[in-house]
Amino acid sequence: MASLTASSLINPHDLQLDDACALLQHDAKNGLQESGESPTDYLQRLIDGLCELSLKDPLTGLGNRRHFHAALERSIETVARSGESVLLLLLDIDHFKSINDTHGHLAGDQVLRVIAGCLASCVRPMDIVARYGGEEFAVIMPNCRPLFGQAVAERIRKSIASLTIPIAPMQNIQATVSIGGAYAPEWVRSTADLWIERADSQLYRAKSDGRNLVKLDQPRELSVSAEEKGLLFSHLIMDEMTPTGNMGIPPHGAPGLPTKRVIA
Amino acid sequence: MNDVLTPTDASQDVAKVPLKPYGKVLAVTSGKGGVGKTFVSANLAAALAKRGNRVLVLDADLGLANLDVVLNLFPKITLHDVFTGKARLEDAILPAPGGFSVLLAGSGMVEYSRLTPEVRNEFLRVINGLIPHYDVVLLDTGAGISDVVLFAVSLASEVLMVATPEPTSLTDAYATIKVLVGQQQRQTIRVIVNQVTRQGSGQAITHQLQQVLNRFVATDPEHPVHLVHTGDIPVDPEVRQAVMRRQLLMQNTPGCPAGQAIAQLAGKLEKIVIPKPA
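Sequences listed follow chains U and R, in order.
Under our numbering, the first sequence has 46 at position 46, and the numbering climbs by one with no breaks.
Under our numbering, the second sequence has 494 at position 230, and the numbering climbs by one with no breaks.
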């Protein structure tokens with residue numbers, strides 16, 4: 001009597017694999033069972049192919065946002081355990097909307113593809129490069145010492161600025177990126193959101209300082225602005241003057257959070 | 265009991281050590297030095313011990329420890345010897361005058377003031393070895409925000425920020441809070457205001473710190489950072505007397521205003537960190 005193994009129980013022809021096959025074929029991969037390929041091998045190949053697809057940005061071929069987030073979470077674990085120095089860069093193409101508006105969305109797609117290719121070639125194989133959003137990219141660089149961060153980011157910025165991007169026959173354009181970066185706090189288990197936010201606020205600085213710039217978060221910056229100090233001390237002065245304690249109402253109206261992210 | 269504390273035993277568990285804050289570890293920290301951080305740690309430990317708790321104060325200021333000065337102790341074996349493998353953890357634990365235990369850093373710890381993987385692992389091993397034996401472990405951290413201080417703070421379930429009502433102290437406390445908020449997503453930081461000259465001014469200072477934080481430090485709106493005013497310690501001539509004699513206030517004059525404030529603080533913290541028996 002023949003033993004019943006999983007592979008002998010599953011017949012790929014009984015399964016609804018058309019959509020999966022089509023997805024893989026569309027990505028220039030063979031989605032059909034090859035002659036001599038066992039059902040198990042075939043299904044494994046199909047699943048592997050779909051997993052790969054689920055992590056990839058179709059336009060640029062880079063990792064997608066899902067891939068990026070998984071890699072970022074892993075980095076946080078690594079940093080907390082080993083204290084390894086990991087740099088996160090966020091890149092945003094400058095004035096991308098006007099490229100789309102002036103040259104059309106196909107040209108915009110071409111700019112995204114070329115910049116993505118350049119970005120991937122600027123970093124080491126171990127680095128994670130992903131398309132984070134519309135015209136935003138992210139790079140996670142493990143084992144990147146603080147001294148090197150600025151140099152690496154500058155290299156990326158210059159390489160992209162020097163690109164000549166063909167968008168139509170006889171028509172080339174140039175594009176620049178703004179880059180913001182932050183290191184994960186060594187040894188400490190931070191969160192993905194906080195880390196992204198720190199890099200993002202540097203990106204915002206790069207944008208508001210004129211674009212085509214690199215701004216990195218200085219680790220553990222202990223700066224307290226004059227404004228902050230003013231508000232901090234206002235109470236002390238009032239406390240000295242008033243005979244009874246007060247609740248330290250700030251002299252300049254109600255506090256509010258500064259508005260963020262207005263520059264595209 | 266002793267075998268649980270031996271380095272060999274605990275070291276096997278280092279790989280499994282979770283990096284989450286430990287239940288009953290309290291970090292006593294400050295921005296600026298000289299605000300009475302070690303004074304608070306030692307006397308708070310004595311007050312908690314008086315309430316029947318098993319308390320240990322760990323000198324987590326590896327670079328510039330001065331718990332030994334405050335307590336007038338001259339240890340033969342220190343944390344330095346534990347780190348270098350020359351002594352077992354239980355041999356370095358000393359009884360302090362106030363009825364609690366201390367683990368002193370020792371002067372040789374200066375070389376450990378940088379947080380390397382080895383220092384971190386040793387630190388975790390020591391804390392893991394201590395936790396089963398105490399109700400409260402107080403980490404007397406160094407001033408400022410060195411790697412070691414931030415790491416020690418990340419292990420604690422509660423952070424007590426000691427500040428005095430002075431511009432420099434407030435600025436440094438604020439800067440440290442900013443770093444903690446940005447790095448560790450800590451949602452509650454407890455503020456203790458030392459050398460308070462009038463009633464209610466500690467509460468007002470905490471409120472003010474919170475206002476500035478709300479205004480200038482963008483935090484996750486779903487998880488805002490709360491500064492909780494946990495205690496005031498009034499200016500009291502007895503404090504200076506005790507410090508100069510290198511004695512504990514809680515032993516000499518527990519009934520003085522500062523002593524009463526610390527006792528009250530101990531009661532509050534006990535409720536927060538020690539789970540009531542069912």
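Calculated directly from the structure, the hints in this document are not laboratory data.
Among these hints, one or two may not hold up.
Think about it this way: if two alpha-carbon atoms lie no more than 25 angstroms apart in a straight line, the pair counts; the simulated SDA-like pairs of lysine to any residue are [what the hints assert, rightly or not]:
(1) U:K229 - R:H471
(2) U:K229 - R:G298
(3) R:K296 - U:S234
(4) U:K56 - U:Q44
(5) U:K229 - R:Q449
(6) U:K229 - R:G464
(7) R:K296 - U:A226
(8) R:K288 - U:T191
(9) U:K207 - R:E382
(10) U:K229 - R:R450
(11) R:K288 - R:E382
(12) U:K229 - R:Q448
(13) U:K229 - R:T452
(14) U:K229 - R:T435
(15) U:K207 - R:R479
(16) U:K158 - U:A168
(17) U:K29 - U:Q16
(18) U:K97 - U:Q110
(19) R:K288 - U:E77
(20) U:K97 - U:R81
(21) R:K296 - U:F233
(22) R:K288 - U:F233
(23) U:K229 - R:G363
(24) U:K229 - R:L379
(25) R:K288 - R:T435
(26) U:K56 - U:C21
(27) R:K296 - U:G230
(28) U:K229 - R:G297
(29) R:K296 - U:V224
(30) U:K229 - R:E382
(31) R:K296 - U:L236
(32) U:K229 - R:Q459
(33) R:K296 - R:K535
(34) R:K535 - R:G297
(35) U:K207 - U:A151
(36) R:K296 - U:E227
Hints, verified against the model:
1. U:K229 - R:H471: 14 angstroms, holds
2. U:K229 - R:G298: 20 angstroms, holds
3. R:K296 - U:S234: Measuring from Cα to Cα gives roughly 20 angstroms; hence the hint holds.
4. U:K56 - U:Q44: 19 angstroms, holds
5. U:K229 - R:Q449: 23 angstroms, holds
6. U:K229 - R:G464: It holds: about 21 angstroms lies between the C-alpha atoms, which stays within 25 angstroms.
7. R:K296 - U:A226: 18 angstroms, holds
8. R:K288 - U:T191: 23 angstroms, holds
9. U:K207 - R:E382: 41 angstroms, violated
10. U:K229 - R:R450: 22 angstroms, holds
11. R:K288 - R:E382: Holds. R:K288 to R:E382 sits at ~24 angstroms (cutoff 25 angstroms).
12. U:K229 - R:Q448: 23 angstroms, holds
13. U:K229 - R:T452: The given pair, whose Cα atoms are some 22 angstroms apart, holds under the 25 angstroms limit.
14. U:K229 - R:T435: 7 angstroms, holds
15. U:K207 - R:R479: 23 angstroms, holds
16. U:K158 - U:A168: 23 angstroms, holds
17. U:K29 - U:Q16: Roughly 18 angstroms between the alpha carbons, so the hint for U:K29 and U:Q16 holds.
18. U:K97 - U:Q110: This hinted pair holds, its Cα atoms lying about 14 angstroms apart.
19. R:K288 - U:E77: The given pair, whose Cα atoms are some 24 angstroms apart, holds under the 25 angstroms limit.
20. U:K97 - U:R81: 41 angstroms, violated
21. R:K296 - U:F233: Holds: R:K296 and U:F233 sit about 16 angstroms apart, inside 25 angstroms.
22. R:K288 - U:F233: 34 angstroms, violated
23. U:K229 - R:G363: With Cα atoms ~41 angstroms apart, U:K229 and R:G363 exceed 25 angstroms; violated.
24. U:K229 - R:L379: Status violated; Cα separation ~31 angstroms.
25. R:K288 - R:T435: 28 angstroms, violated
26. U:K56 - U:C21: 17 angstroms, holds
27. R:K296 - U:G230: 19 angstroms, holds
28. U:K229 - R:G297: 19 angstroms, holds
29. R:K296 - U:V224: 14 angstroms, holds
30. U:K229 - R:E382: 38 angstroms, violated
31. R:K296 - U:L236: Holds - the C-alpha atoms of U:L236 and R:K296 are around 18 angstroms apart, at most 25 angstroms.
32. U:K229 - R:Q459: 21 angstroms, holds
33. R:K296 - R:K535: Violated, at about 28 angstroms.
34. R:K535 - R:G297: 28 angstroms, violated
35. U:K207 - U:A151: Answer holds: U:K207 to U:A151 is near 19 angstroms, not above 25 angstroms.
36. R:K296 - U:E227: 20 angstroms, holds
When held up to the earlier numbered hints, the structure conflicts with 9, 20, 22, 23, 24, 25, 30, 33 and 34 and fits the remainder.
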